[in-house]
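Trainee: Sequence:
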Amino acid sequence: MDELVNRAFRLRGRPAGVADEAALELVREPVGELRDGQALVRTLVLSVDPSNRVFMSEIRSDLPPVEVGAVMRGFGLGRVVASRRADLPVGAHVLGMTGWQDYRVADDRELEGPFQVLPDPLPAGPEELLGVLGLTGITAWLAVEIADPRPGRTVVVSAAGGAVGSIAGQLARERGARVVGIAGGADKCRHVVQELGFDACVDRHDPRWRELLDAATPDGVDADVENAGGEVFDHVLTRLGTGARVALCGMIADYSGDPARRWGVRNLVEVLEQRVSVRGFLVTDHAQRFGEITGELAARIADGRLRYEQDVVEGLENAPEALERVLRGSSRGKVLVRVG
1 MDELVNRAFR LRGRPAGVAD EAALELVREP VGELRDGQAL VRTLVLSVDP
51 SNRVFMSEIR SDLPPVEVGA VMRGFGLGRV VASRRADLPV GAHVLGMTGW
101 QDYRVADDRE LEGPFQVLPD PLPAGPEELL GVLGLTGITA WLAVEIADPR
151 PGRTVVVSAA GGAVGSIAGQ LARERGARVV GIAGGADKCR HVVQELGFDA
201 CVDRHDPRWR ELLDAATPDG VDADVENAGG EVFDHVLTRL GTGARVALCG
251 MIADYSGDPA RRWGVRNLVE VLEQRVSVRG FLVTDHAQRF GEITGELAAR
301 IADGRLRYEQ DVVEGLENAP EALERVLRGS SRGKVLVRVG
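So in full-length UniProt numbering, spot 282 of the sequence shown is number 282, and the numbers just go up one at a time.
Since no wrong hints were added, every one of them can be taken at face value.
With beta-carbon atoms standing in for the labels, derived distance ranges: (1) Arg175 <-> Arg28: 46 to 52 Å; (2) Glu314 <-> Pro218: 42 to 48 Å; (3) Val90 <-> Asn318: 25 to 31 Å; (4) Arg328 <-> Pro119: 34 to 40 Å; (5) Val265 <-> Arg35: 47 to 53 Å.
Everything labelled a hint here was simulated from the structure, so no lab data went into it. Positions of the beta carbon are idealized from the N, C-alpha and C atoms, including for glycine.
Turn these sequences into a full structure, and let the hints steer you where they fit.
Mentor: Structural data, given as structure tokens:
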């Protein structure tokens, strides 16, 4: 394996602000010989998620921050190209923490969770398995379960044009709720209403977005699928009705890592006065349900009930730009990087 060269993004410092490509450096390093208990995984597709920005900072999460100098953490789909492990045979497609690199040496004592061997042939495309049929779609499903949408109820979905929000809004609408999205830009709003079936959508870039959201929710809000955080979430709190539910999927606005840059929550009193139930969750806590939920999502795609968008970026070298698009809200649907 000495002839192989691995391109990898290493973290060179804690980034400043929401997006800071300078914090990552693309390096070229030799791939050494495998030892017993190791396999070599070739990264095919990377999932680009807001959590990538969390891992770059010192924000507390379910995994420790990426150490300065280490390869950037990232979830991906790859193929085993060499192996000295019985559980990872050559040719197998796997899901796991490939990292932002061409090749990952998978040790039998993985610190970030084991690789999952996928069926052969693959049940869907690599992009779908990392997106709508992967952790993204499962997150949306779990969020909607928490929100408990029903006929006669109004559900707000922030980052409605994004990977999770676009799926969650459709699932909530399927259950009979009235769904109001919040998205960045008039084009995204048109997309989620005209193509995804949301009842209304508010452009958060419009200087009157607060007034527009109030007008779109005249009877208040019964549930919130929250992906944005910051001032968007803070205003949604003022619209919540008695006994409302909040599913906290993400808080992109507060992922800078610098407490001084965070909006915070200024209307928390609304949670008390309206007796609101707020639940944060991590999709990885529900691994035992992945098969069940993926099957539900696949059935909805097959019969046309569920639509999805994929924004595929070509080349590992463009991964930082892809992450910036996610964090700034300039993408639509699931963002992925095709590596190999």
